[in-house]
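Colleague: Residues per chain, in single letters:
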Amino acid sequence: MVTYAQLWRADPGVWRAAGAAWNRSAVGVGQRAGELGVVASRVADGWRGAAGSAARDHVRALREPLDAARLAFVETDQVLSDFASALTRARGMLAAAVAAAAPAHVEIDRAGRTAPDVTVTGIDRAAALHAADRVGAAIGAALDAAAAADRAAAEHLGRLGAAAAEGWPTTPPRSRVPVGAPPVVVRHWWAGLSEAERRWLIVHEPAYVGRLDGVPVAARDQANRSLLAEQRAALVRERAAAVRTAMPRNAAVAASIRLVGLMSGIDGVDARLSTPSGERAYLLSLVTAGDGRVVLAVGDPDRADNVLTYVPGMTADLGAVRDDLGRTEALASRAAALDPAQRTSTVLWLDYDAPSFLNEAMFAGRAHEAGPALHRFAEGLRATHDGPPAQQVVLGHSYGALTVGTAAREQGLAANDLIFVGAPGVGTDHAAALGLPPAHVWSSTAANDPIAYLAPGWKEPFIRIGAELSNPFWPDLRPHTNEELWFGHNPSNPEFGGRVFTGDPHGHSGYWRADNDALDDIARIALGPEHHREIQ
Amino acid sequence: MDGDLRVDPNLLRDRAAELSLVARALATGGADLCVAAPAWSAGVGLAGLASVVSSALGSAAARVAHSGDLLRSAATGYEDADRRAAVRLHRVG
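If you read the protein sequences in the order shown, they are chains A and B.
For what it's worth, our numbering labels the leading residue of the first sequence as 462, then goes sequentially.
For what it's worth, our numbering labels the leading residue of the second sequence as 12, then goes sequentially.
The following block holds chain A by itself, in its conformation from the complex:
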């Protein structure tokens, strides 16, 4: 049981700080495990023979419990961060209940008991009693929420303690999931594994587990975090090799620039993963091939009431991930500010080869290629979610809007709502083709977003002729927002059939600015139908 005074005194920050300390310990233990791996590989350098081989195997075996301990430490960070978030929400509920007391002439004593304020004269006693009950119930709900979170955290920590006492045992899994199995099948398979089997898979096959849609987010996060240091080290080695050997020299420079960009991206991701304040980040995928890809969630999507997946557009890649992480963060913060009682997770989904330049963005090929992966990812979020399904929303910006629209039309998307901002068209001329009721398809294009002037090239002569015919002496050749855009009908045009929300004129990249109403509206869509009526 959690008391009124106890919840008032609770400081979520200390739990987050403890989580960060466990995360640092995870990094430290991971380094020690890596050092043991190096010793194991080098011990045979000075020792050839049966005893040397035995020594190598012996040192190698010392590593496994440390790798498993590292996972357990990350899991502890997950538990503590989750508890801190729950405390923050419970305290928000408590503050709201207390704030509602005074205007309703309700007194609250030190134990949190409520009663009509007897010092106020001339009030309706029945109404005051009713208000006292209402405030009391709200306080009780806050205390219950805190107590439930406390219980859940304690149970989870207890299980972690039991595993630690056994030395974090690992066992190879008895069964494997078929390649290409749907996320719901993967989820079922994962649920049937023992803890030791899951631990073995994350320790020995993190690259496989980390990207497997249908594996719970917490496990994917543990796996992907464990890969990060080696992924960066591999880039350093690759760059050194490129600088040493690539010919001609300009090829070495180009390779070096690409690799440094990827390293910078990993550093940006790592910095966000290590941030001790705010909602915890979960790494759902990171790939360094090509321009690099990343999927990162702010808050745990498996335990959230609402999940907003953001798909960025042209120029998005791992090297430029800080901008997109900032947008993902801005969405999460705004949703939390608008409704502190709800838990909203925002996900950056950059698991496709987004166009780097206009010559690539002119074609829909990248969007088509991304469709199956985005479809599968959204299905995976549905499959792994704890409790009732979350309000799941997918947001596409710029070319990312085409990617979302194409996936929704061709594969279908497990989403309650779709949002397009700054879209150059979404691959269809009508919202009804996207597999959702048109009332759940939203779009906004800023008045000064140049994307709205991106008419298909073949239309330009006709637009000019039309202008000259309507006024041969002073044809209006200024650019106009077009109904037909490069990839289909403008989704922000009423004829598209979806719902349009407005924002302030901050250009093509200003939808995430703190002072833009569009950010509020995107957050409201993510928060679910009860917030939709406030959208403008």
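Incorrect hints may have been included.
Below, a sample of chain B positions facing chain A; criterion: calculated Cβ distance under 7 Å [stated by the list, open to error]:
#: 1; residue: GLU29
#: 2; residue: GLY41
#: 3; residue: ASP80
Because the hints were derived from the structure by calculation, they are not lab data.
If you're wondering where the values come from, they're calculated on a predicted model, not measured in any experiment.
For each residue, glycine too, the CB sits at the ideal point set by N, CA and C.
Since the structure of chain A is already known, use the hints to place chain B on it.
Modeller: Chain B only, in chain A's frame:
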């Protein structure tokens, strides 16, 4: 076994020293892992977990340190065997 036996005792001692460093780092790692919140079940659970983990890491550190000792003793053993063989051969003349 292919009969190829080669040992560099100094390299073994280098590896043993590296294991000792790992053991020391394991034994001293981990600060601020608890929250002083006895009124919360999570605080009590976290303190229990930290205690078990500390003990588990201590055991792991001891195993790693022991492995370093084994490498050192192997290096010494090889050198002793070499010395004894040399003495015996000198005696035979």
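Colleague: Give a verdict on every hint.
Modeller: Now for the hints, and whether the structure bears them out:
1. Interface restraint check: GLU29(B) against chain A, minimum CB-CB distance 5 Å, threshold 7 Å, status holds.
2. With a cut of 7 Å, the hint placing GLY41(B) at the interface with chain A holds, because the nearest CB-to-CB distance is about 5 Å.
3. Checking ASP80(B) against chain A: minimum C-beta separation of about 12 Å lies over 7 Å; hint violated.
Of the hints listed earlier, the one the structure fails to meet is number 3.
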